[in-house]
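For this one, chain P is given, so just place chain A on it according to the hints.
Heads up: the sequence lines are chains P and A, in that order. Numbering (numbering that gives the first Met the number 0) for the first sequence: 0 to 153. Numbering (numbering that gives the first Met the number 0) for the second sequence: 0 to 424.
Watch out, some of these pointers could steer you wrong.
[Unchecked claim] Some chain P residues near chain A, calculated using beta-carbon distances under 8 Å:
1) Q13
2) V54
3) F57
4) S59
5) D76
6) A82
7) S114
8) C115
9) G117
10) C119
11) S122
[Said to hold, decoys possible] Covered by chain A, per the in silico footprint, the following chain P stretches (three or more residues, Cβ under 8 Å):
12) 15–29
13) 126–137
Source of the hints: derived by calculation from the structure; they are not laboratory data. Every residue gets a Cβ at the ideal spot worked out from N, C-alpha and C, and that includes glycine.
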Amino acid sequence: MELDQLLKQYPPEQTYLLEILSKYQTSKPTQHLTEAELKSIAEYLSIPESHIYAVVAFYSFYSLVPRGKYIIQVCRDVPCHVAATFDVVRTLETLLQIPMGATTKDNIFTLEYTSCLGACDGSPAIRINQTIHTHVTPERLKQLLDECRGDHHA
Amino acid sequence: MLEHKLITKYIGKIDPLSIASYMTFHGYKMLRKALRLGGEKIIEQIEIAQLRGRGGAGFPMVIKLKSVAAQTNRPKYLICNADEGEPGNFKDRYLLENNPHQIIEGMIITAFATGVEKGFVYLRGEYEQAYNILSRALEDAYKKGFLGQDILKKGFSFDLEIRRGAGSYVCGEEFALIESIEGKAGRTRVKPPFPTTVGAFNKPTLINNVETFATIPSIIEIGGKAFATIGTESSRGTKLISLSGNIRRKGVYEVPFGVSLRDIIKTLGGGVEKGRKIKMVQLSGACGPIIPEYMLDLIMDFERFEIFESKTGAGAIIVIDDRYDMFEILLRIGEFFAHESCGKCTPCREGNLQLNKLLEKFHKYKASEHDLTLLETLARMIHQTSLCGLGQTSATAIISTLHYFRHEYINRIEKSVTMEDSRHA
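Here chain A stands alone, though its shape is the one from the complex:
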């Protein structure tokens, strides 16, 4: 079977507005179990599970856990990154709106394991419905004694509140997010130090994605060993996929790592409309590579995705059919990054504007070979020299198309020459 419902298995059965409904399906039982296990054993299970972050970078969670657990500087903070702004991603919204308690339970278990007393959910401002559902869930969790002082009479206290963004994509980047929580413009900081040592309010801070926290109760339930049998060597467990674009069945699907993109698109998504062909598929979102149809046998896996010199991304797959001009798509992506760049570092702030000027030339059949060289050099420079993940991945779409769709660039230059000649004729 293609789908493997581990963290989404109760979605559709649970009433997200009812904590009683969640508890009918073993909700908060994993918290009780975790409290019995103790912090060290919880971290050990997550280590055995080889859990990697689900927000895009795929960083091994246990490294952060151990680092924060060892910190003695108090208070320590825990942040759930729910600033899901990457175009084509909506799986966190799906989790927040359909099973909020599972995320809260994961956060409480993690806070207990690392000795954290205060947590935030940084939720993007656009997610009003998720905000209402999550607010209700927090209220109920407090009433039941799963949050607050002396949780389940085990002498452990943890407070959790929601902070909302205000329409800024870069705030999904960990330091930009921290700045935003501190009431500042969302501009990243130079690393190191990393948030695990100097994070929110200059205190040790553990930041993970919604899906990562939602996975924790499942690991406690089935054990790290069983979890690690799912997926591939480099990528254990399951991944939520956000499938969108020119596809029949758009939506969120949970699959084990190792499933091919073709299977996801054809079998789960039902393929493209009749009479259309897949021209391009963008992985991860605006920050990800654009690949041609013949590469769709690639499997979902952290290691395999390294060929794109980019991060795995949070599991978005955007299908684009043969009606669309590649340069129109690239320009749209370019405009997104130029708009969302925080402006702190020069390569990203100025570079993306210049990239768009070059893309515009290709789009309007006014490009030369020199423009191609410039575009390639500038794209690489932005990738290599930007301060944070936004800038570093802003040119991925261009870099990947220069590789897989080079003929489109060459064609455009040739046609530009022909059109220029006819303009003078």
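Bound-form chain P, shown alone:
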């Protein structure tokens, strides 16, 4: 989606800043925001660029560097940790051949940590873009990655 088009959907008020940032970033395959985009948003909302930068830096959803098309987030909090029967992070690192925090060379996947996803009744839980997956197993993880690759090449 073009940024200009998206901005028109919102009244030019600061209260919509997070909605705009989230919606726009999600629509981009690189899942990140550029300086030029922040500048356009600042102009539209009539607020300083520094304010937007502070907001982007504060919230963990936002990124100023390009990321993979699929962001895989692994919960690192206690309920998921104690209930997991295998090491979710190591398994994903091995499957993707990247360390935690990195993006695959083909720019399809980024591996990140996340705080609790509120899915502790289905631990271990991970999130791939907007979808939370519960009760994951090594086999299920492999399957989910294959599904993403399939969607990407489709």
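Coordinates of chain A only, in the frame set by chain P:
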């Protein structure tokens, strides 16, 4: 019976995507009844019910209601705090995904009683499914005339919209949440003034948790008096419990206040796996105390939980069995707070980093008695001097384990000495 289904009684029967289904089970009838009662009588019923907030702090709702109702500064706002980010808590998601209209109905009744014209549901960004379900529910409620202008032709108007977070735990704190709705970084404000006088957009604002709003239609239905007969002296009604960790039947359970933790864990949760023992139980979530197995006869109750110098929490129970090292768990909790601290006040921002350095020493068998003293002093200092609830409760897990699991700290120091000797040998 251990479970008492009052606010969850229709869950499983109702199709959350259908307002007609909700209305088949008396949905929005309590709104009609409330509109007939009038604002003062609604507040009176909530006062008789002695309803306390379900989001963690347990603040009496009626105090906020009366304060906002009395404000003449307009517009006034109402916010449903659906930023459920505390590790181990998922009961709000359960309500949002399974019975969204009940929460909306509770919000409309509350808005009517306090003369509020505009409301927000601040929903955590991770809850995509809840967002889709709630969006649909709002749309349907507007179509049926339960939201918008001149609701049910009673001359009362109320608009409600969803605002989503972007991955920040501290935004569950009321002022951080307000800042976030205003399009800013989620950093708290100095209190007072409280949100009921100077809240969102510097206007009077009533903030309550999802479960609190979901309880309102039940109070209107059975009456404050009947509601107050459930539970204990200090804690009336029922509470949703999020049960997780090393437990057979994880999930959300609704129980009356006064039920023991042991009953919840053993009877509802089915206990730990065969051959395992409960080593620690963390209450409330990352912000709560860690207690040993022998304390599980403690009952769920606002007053009883005061012994932990912490808040009751939103009803999470995280069971940890004997496979886990306490310091590994504490370090994980410490890293959570260091990451989620907003950075506004020094004790929380710097203190949590330093706490983790000390915990690391215990974890790696490199701790001394001096480290123990430092850890204890620093934990208390953070608890006492932080600006908001995040900082104030970030050291609760450490403070409680220093009390109930002190032997683990002492053992670790002794083993550190032995290992140091062997390293030099």
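Verification of the hints:
| no. | hint | in the structure |
| --- | --- | --- |
| 1 | Q13 | 4 Å, holds |
| 2 | V54 | 5 Å, holds |
| 3 | F57 | 4 Å, holds |
| 4 | S59 | 4 Å, holds |
| 5 | D76 | 4 Å, holds |
| 6 | A82 | 6 Å, holds |
| 7 | S114 | 6 Å, holds |
| 8 | C115 | 4 Å, holds |
| 9 | G117 | 5 Å, holds |
| 10 | C119 | 4 Å, holds |
| 11 | S122 | 7 Å, holds |
| 12 | 15–29 | holds (count 6) |
| 13 | 126–137 | holds (count 4) |
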